[in-house]
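Chain order of the listed sequences is F and U.
Counting in UniProt numbering, the first sequence runs from 1 upward without gaps.
Counting in UniProt numbering, the second sequence runs from 1 upward without gaps.
No wet-lab data here; the hints were simulated from the structure.
Computed from a predicted model, the values in this text were never measured in an experiment.
Check before you lean on any hint, since a few could be wrong.
Have a look at the derived ranges for each label pair, beta carbon to beta carbon [claimed, not checked]:
hint	chain 1	residue 1	chain 2	residue 2	range
1	F	Gly4	U	Lys70	35 to 43 Å
2	F	Gln91	U	Lys66	20 to 28 Å
3	U	Lys66	F	Val127	45 to 53 Å
4	U	Asn71	F	Ser87	27 to 35 Å
5	F	Gly4	U	Val44	50 to 58 Å
6	U	Lys70	F	Arg60	28 to 36 Å
7	F	Ala37	U	Val44	33 to 41 Å
8	F	Ala6	U	Ser14	34 to 42 Å
Virtual Cβ for every residue (Gly too), placed ideally from N, Cα, C.
Listed below are the residues making up each chain.
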Amino acid sequence: SLSGLADACIDSFEFLPWDTTVPGLSPAVHLTSEDLASFLSSDWLNDEMINGGVDWILQRAGPGSRSRILNCLFIQSLRNARSQSVSYSPQKFSPINKAIRAGTVNLVWFPLLVSGNHWTLLKIDLVQKTIAYSDSLRLTRLLEELALVQWWLKTLLRSSDDFDIVEPDFPSPRQLDSHSCGIIALSILASILLEFSPLWSPECAATEQIEWFLRLSSMFEDGDDFVSFFFIASAYYMN
Amino acid sequence: MSTPSGEDVKPDTSKIRIGVQFNGQYMHSSVSTPLLFSYDWTEVFFLYKKTKPLAKLLIMFCERIKVDRKNIRFNYEGVNISREETTAEDLEMEDGDVIDGQLWQEGGSFER
Numbered sequence: 001s002l003s004g005l006a007d008a009c010i011d012s013f014e015f016l017p018w019d020t021t022v023p024g025l026s027p028a029v030h031l032t033s034e035d036l037a038s039f040l041s042s043d044w045l046n047d048e049m050i051n052g053g054v055d056w057i058l059q060r061a062g063p064g065s066r067s068r069i070l071n072c073l074f075i076q077s078l079r080n081a082r083s084q085s086v087s088y089s090p091q092k093f094s095p096i097n098k099a100i101r102a103g104t105v106n107l108v109w110f111p112l113l114v115s116g117n118h119w120t121l122l123k124i125d126l127v128q129k130t131i132a133y134s135d136s137l138r139l140t141r142l143l144e145e146l147a148l149v150q151w152w153l154k155t156l157l158r159s160s161d162d163f164d165i166v167e168p169d170f171p172s173p174r175q176l177d178s179h180s181c182g183i184i185a186l187s188i189l190a191s192i193l194l195e196f197s198p199l200w201s202p203e204c205a206a207t208e209q210i211e212w213f214l215r216l217s218s219m220f221e222d223g224d225d226f227v228s229f230f231f232i233a234s235a236y237y238m239n
Numbered sequence: 001m002s003t004p005s006g007e008d009v010k011p012d013t014s015k016i017r018i019g020v021q022f023n024g025q026y027m028h029s030s031v032s033t034p035l036l037f038s039y040d041w042t043e044v045f046f047l048y049k050k051t052k053p054l055a056k057l058l059i060m061f062c063e064r065i066k067v068d069r070k071n072i073r074f075n076y077e078g079v080n081i082s083r084e085e086t087t088a089e090d091l092e093m094e095d096g097d098v099i100d101g102q103l104w105q106e107g108g109s110f111e112r
């Protein structure tokens with residue numbers, strides 16, 4: 001219940017440091033207690049909060065999962081790479097790039113900021129060679145971002161064909177407020193990769209915010225258990 | 001290497017060339033959040049001590065391109081360089097390696 005979750009939040013204030021970094025997350029994430037507190041407000045989610053939630057999901061999905069989630073800042077890495085070279089040629093090939101090229105990944109999910117202010121979600125199906133785009137506001141169309149992703153995939157897969165753009169084959173809740181798009185993206189990912197339910201809905205928006213606060217707060221209690229795994233399976237590093 | 005007087009001088013191996021690159025894009029502009037941002041791709045190389053915290057180098061870079069440090073996330077090979085004490089040695093950086101700078105992101109809707 002909402003009141004039970006609220007009590008759990010209040011209890012967590014007993015052990016949460018007020019000014020530190022959340023432990024147990026990958027080196028790609030620098031989530032602070034201040035970011036953590038923002039989950040309980042109607043503040044917009046920043047990249048660290050999205051990447052923190054993604055990291056939490058990936059740790060629990062385990063190394064055997066054939067799904068990966070990209071760091072949300074990866075789109076800017078692609079922009080940097082595109083501005084320097086005709087083909088995608090990073091300094092060093094990251095684990096996700098190696099995994100895609102080796103065919104050990106089937107699905108790649110990509111939380112994507114569009115128009116500089118709205119979190120959306122891409123699903124890249126490497127088997128069907130399709131890309132599906134989910135926008136909780138149903139208002140945006142991807143152009144530049146999609147071109148960058150196609151460019152990246154074509155180089156990685158040594159292919160000249162674009163992936164087909166298809167409608168999402170996963171539930172995509174409709175956002176009615178002005179701040180939930182980031183939580184919706186995390187909720188969709190948790191429902192698919194971890195089979196969490198229920199999926200985000202306008203009615204449970206507050207509950208979902210508290211749930212994410214509590215999930216990431218729990219890293220202060222058990223964070224170290226997952227660190228070693230993540231150094232091995234850090235498959236969504238940028239660049 | 002030797003000095004004019006003929007004495008041998010060992011090259012300073014404690015320093016390496018570290019590049020920092022940044023390609024700002026735009027943040028949405030609306031009535032309530034007028035956050036326009038645009039910056040052409042830039043790359044700057046520094047000769048820097050491997051054991052010195054990178055925080056100072058990143059501040060120098062931000063000052064050079066006149067962008068507030070708070071607006072950029074820096075990472076090297078997927079490692080977020082946000083901790084004040086992180087050094088090039090910690091990250092096992094080699095001469096000529098480049099740190100990637102990316103614009104800070106935040107989203108919720110089209111209007112606050």
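Taking the hints in turn, this is what the structure says about them:
no. : hint                           : verdict
1   : F/Gly4 - U/Lys70: 35 to 43 Å   : holds, 37 Å
2   : F/Gln91 - U/Lys66: 20 to 28 Å  : holds, 26 Å
3   : U/Lys66 - F/Val127: 45 to 53 Å : holds, 46 Å
4   : U/Asn71 - F/Ser87: 27 to 35 Å  : holds, 29 Å
5   : F/Gly4 - U/Val44: 50 to 58 Å   : holds, 53 Å
6   : U/Lys70 - F/Arg60: 28 to 36 Å  : holds, 31 Å
7   : F/Ala37 - U/Val44: 33 to 41 Å  : holds, 35 Å
8   : F/Ala6 - U/Ser14: 34 to 42 Å   : violated, 54 Å
Figure legend: structure checked against the earlier numbered hints; the only hint not met is number 8.
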